[in-house]
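Number of protein chains: 2
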Amino acid sequence: MPSSAPSVKKNAVAGYGAIITECRPTMKDREDTVETIMASTHATLIHPYNNSQIIAGQGTLMLELLAQARSSGRPLDTIIVPVGGGGLLAGCSIAARGVDPSIRVFAAEPLAVDDAARAFASNTLMQNPAGATSVADGLTANLGALNFPIIMDNVDSIFTVTETQIVDAMRLVWERMKIVIEPSAATGVAVALFNEEFRRLEPAPRNIGIVLSGGNVDLIRALELFK
Amino acid sequence: MPSSAPSVKKNAVAGYGAIITECRPTMKDREDTVETIMASTHATLIHPYNNSQIIAGQGTLMLELLAQARSSGRPLDTIIVPVGGGGLLAGCSIAARGVDPSIRVFAAEPLAVDDAARAFASNTLMQNPAGATSVADGLTANLGALNFPIIMDNVDSIFTVTETQIVDAMRLVWERMKIVIEPSAATGVAVALFNEEFRRLEPAPRNIGIVLSGGNVDLIRALELFK
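As you go down the protein sequences, you meet chains A and B in turn. Numbering-wise, my numbering puts 215 at position 219 of the first sequence, and it's gapless, one number per residue. Numbering-wise, my numbering puts 168 at position 172 of the second sequence, and it's gapless, one number per residue.
Next up, chain A with everything else stripped away, as it sits in the complex (with noise of 0.2 Å):
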């Protein structure tokens, strides 16, 4: 893990039983560190965004909020979900379209860290700049090789959201919905309450299923945003 992950995040990781190794929070570093564990364990390495596996069982979370929906009587006609390095987006926009393909389907992404924004809008893998961050920790990655064409497939828009009406959403989802996310999973609040595009869309979204993903967050930190 990366030393730049948050002590909850740690600790949680450890409940489960983990052996920890970390380092530096640089892609060189990380994928370095990963090659040495692999080197001596003979571990398999599972990619977190960048690998098929991943993007089914993602993709199974969209199939349970749709259902959900459904039996509640509120079918969804509008979904928007995060993205960083695309395996969660890849894996719902399959199962959303595969279920319904009316749905419209939309990514989330902070401003700051826009390489997929551009990769949708121009049709070719983009790079964030070096050191380019976000409050929204778990949404810096590049978007993958093997999700940039699945996106570009089935995705109708790639929308961005400032860092304040990230930190403004996450903490309206705080004080009036009670459940404890993180910044990148306030980018699709963030989305729906304050990105110009998508509230100038037509017809209007009606009922907008948004993916809270995830709750891993330092708690000081945390309230030190909303300060």
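There may be inaccurate statements among the hints.
[Claimed, not checked] Taking lysine-lysine and the DSS-like style, the derived pairs with C-alpha atoms no more than 30 Å apart in a straight line are: (1) B:Lys5 / B:Lys223; (2) B:Lys223 / B:Lys24; (3) B:Lys5 / B:Lys174; (4) A:Lys223 / B:Lys5; (5) A:Lys5 / B:Lys24; (6) B:Lys24 / A:Lys6; (7) A:Lys223 / B:Lys223; (8) B:Lys223 / A:Lys5; (9) A:Lys24 / A:Lys6; (10) B:Lys6 / B:Lys174; (11) A:Lys223 / A:Lys174; (12) A:Lys5 / A:Lys174; (13) B:Lys6 / A:Lys24; (14) A:Lys5 / B:Lys6; (15) B:Lys174 / B:Lys223; (16) B:Lys24 / B:Lys5; (17) B:Lys6 / B:Lys24; (18) A:Lys5 / A:Lys223; (19) A:Lys174 / B:Lys6; (20) B:Lys6 / A:Lys223; (21) A:Lys5 / A:Lys24; (22) B:Lys5 / A:Lys174; (23) A:Lys6 / A:Lys174; (24) B:Lys174 / A:Lys223; (25) A:Lys223 / A:Lys6; (26) B:Lys223 / A:Lys6.
[Unchecked claim] If you want a taste of the chain A side facing chain B, the calculated C-beta under 7 Å gives, among others: (27) Ala1; (28) Val4; (29) Trp170; (30) Glu171; (31) Lys174; (32) Ile175; (33) Val176; (34) Phe190; (35) Val207; (36) Leu219.
These are calculated hints, taken from the structure and not from any lab test. Quick caveat: nothing in here was measured; it's all calculated off a predicted structure. Just so you know, even glycine gets a beta-carbon here, dropped at the ideal spot from N, CA and C.
Keeping the supplied structure of chain A fixed, place chain B upon it in accordance with the hints.
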């Protein structure tokens, strides 16, 4: 509303369309202010806990909780409900006993305002000392006269927890269950985790239902508790 109420609670109440009159946070000023408003508006008082309809209404949550646990295949053998004025506890205890007389019904109370535990032990209504307070600000009221005999009849025991235990339990619920609860809601969790009498019960509780009421917490104030 008392001027000491968290701003998040005031904002939520205002957001539902209420006209808010503030008073000082003493019981006398609260009661005097209510009398003044009733005289000038001919409004009807609905007491927040010493009222049979409030008791009945709060009891419906226990019906839902028991039904959900049963349908999930893990019927509850034990419930823990926070106690302040006692309306929630009275309603929940009647409901639980009515559904299943074998359920063990426990209350959770902050040690710092333990009038209900003392009343239960002595079979006599008690008062908290003037100025007694707790981080669980929703539980500082004295037990209501209407609730007292119901609780004597239907509750097995009232367990107390310290201020530190309440904050530790609250933090666990925020971090691992991802639910924003106020300190009052954490008292039941604190009993289950930390109260020695509860933890030595024979036979040991298996499926425990804990009422988390409520979630009106000022985020900045909560942060100060966690530091």
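Status of the hints after comparison with the structure:
1. A threshold of 30 Å between alpha carbons decides the hint, and for Lys5 (chain B) with Lys223 (chain B) the separation of about 22 Å falls inside it, so the pair holds.
2. Between Lys223 (chain B) and Lys24 (chain B) the CA atoms are separated by roughly 34 Å; this puts the pair beyond 30 Å, and the hint is violated.
3. Between Lys5 (chain B) and Lys174 (chain B) the alpha-carbon distance is near 20 Å, which keeps this suggested pair within the 30 Å criterion.
4. Proposed proximity of Lys223 (chain A) and Lys5 (chain B) is supported: the alpha carbons are some 18 Å apart, at most 30 Å.
5. A hinted pair counts as satisfied when its Cα atoms are at most 30 Å apart, and Lys5 (chain A) with Lys24 (chain B) does not qualify at roughly 47 Å.
6. For the hint linking Lys24 (chain B) to Lys6 (chain A), the alpha-carbon distance of about 49 Å lies beyond 30 Å, and the restraint is violated.
7. Taken as a hint, the Lys223 (chain A) and Lys223 (chain B) pair is honoured in the structure, with Cα atoms around 14 Å apart against an allowance of 30 Å.
8. Taking the CA atoms of Lys223 (chain B) and Lys5 (chain A), the gap is about 18 Å. The hint holds against a cut of 30 Å.
9. Pair hint Lys24 (chain A) plus Lys6 (chain A) holds up; C-alpha atoms about 20 Å apart against a cutoff of 30 Å.
10. Between the alpha carbons of Lys6 (chain B) and Lys174 (chain B) the distance comes to roughly 23 Å, so the proposed pair stays at or under 30 Å and holds.
11. For the hint linking Lys223 (chain A) to Lys174 (chain A), the alpha-carbon distance of about 18 Å falls within 30 Å, and the restraint holds.
12. Taking the CA atoms of Lys5 (chain A) and Lys174 (chain A), the gap is near 20 Å; set against the 30 Å cutoff, the hint holds.
13. Distance check on the hinted pair: Lys6 (chain B) and Lys24 (chain A) sit about 49 Å apart at the alpha-carbon level, beyond 30 Å; violated.
14. The hinted pair formed by Lys5 (chain A) and Lys6 (chain B) fails the criterion: a straight-line CA distance of about 33 Å is larger than 30 Å.
15. Of the supplied pair hints, the one linking Lys174 (chain B) and Lys223 (chain B) holds, its CA atoms being roughly 18 Å apart against a limit of 30 Å.
16. Our distance criterion of 30 Å between C-alpha atoms is met by Lys24 (chain B) and Lys5 (chain B), whose separation comes to about 21 Å.
17. Between Lys6 (chain B) and Lys24 (chain B), the direct Cα distance comes to roughly 20 Å. Compliance with the 30 Å bound is thereby established for this hinted pair.
18. Restraint check for Lys5 (chain A) and Lys223 (chain A): the C-alpha separation of about 22 Å stays at or below 30 Å, so the hint holds.
19. For the hint linking Lys174 (chain A) to Lys6 (chain B), the alpha-carbon distance of about 16 Å falls within 30 Å, and the restraint holds.
20. For the suggested pair Lys6 (chain B) and Lys223 (chain A), the alpha carbons sit about 19 Å apart, so the restraint of at most 30 Å is met.
21. The suggested pairing of Lys5 (chain A) with Lys24 (chain A) holds, with an alpha-carbon distance near 21 Å, which does not exceed 30 Å.
22. Our distance criterion of 30 Å between C-alpha atoms is met by Lys5 (chain B) and Lys174 (chain A), whose separation comes to about 13 Å.
23. A distance of roughly 23 Å separates the Cα atoms of Lys6 (chain A) and Lys174 (chain A); the hinted pair therefore holds under the 30 Å criterion.
24. A distance of roughly 20 Å separates the Cα atoms of Lys174 (chain B) and Lys223 (chain A); the hinted pair therefore holds under the 30 Å criterion.
25. Proposed proximity of Lys223 (chain A) and Lys6 (chain A) is supported: the alpha carbons are some 25 Å apart, at most 30 Å.
26. Taking the CA atoms of Lys223 (chain B) and Lys6 (chain A), the gap is about 19 Å. The hint holds against a cut of 30 Å.
27. Interface hint at Ala1 (chain A): violated, since its Cβ lies 14 Å from the closest Cβ of chain B, which is beyond the 7 Å cut-off.
28. For Val4 (chain A), the interface hint holds, the least distance from its beta-carbon to any beta-carbon of chain B being 5 Å, beneath 7 Å.
29. Given the 7 Å rule on beta carbons, the hint for Trp170 (chain A) holds: about 5 Å separates it from the nearest Cβ of chain B.
30. Using the Cβ-Cβ criterion of 7 Å, the hint placing Glu171 (chain A) at the interface with chain B is satisfied: the shortest such distance is roughly 6 Å.
31. Checking Lys174 (chain A) against chain B by beta carbon gives a least distance of about 4 Å; that is within 7 Å, so the hint holds.
32. Because the smallest distance between the Cβ of Ile175 (chain A) and any Cβ of chain B comes to about 6 Å, under 7 Å, the interface hint for this residue holds.
33. Interface hint status for Val176 (chain A): upheld, as the beta-carbon distance to the closest one in chain B is roughly 4 Å, under 7 Å.
34. The beta carbon of Phe190 (chain A) comes no nearer than 19 Å to any beta carbon in chain B, farther than 7 Å, and the hint placing it at the interface is violated.
35. A distance limit of 7 Å between C-beta atoms decides the matter here; for Val207 (chain A) the minimum to chain B is near 14 Å, and the interface restraint is violated.
36. For Leu219 (chain A), the shortest C-beta to C-beta distance to chain B is roughly 3 Å, which falls under 7 Å, so the interface hint holds.
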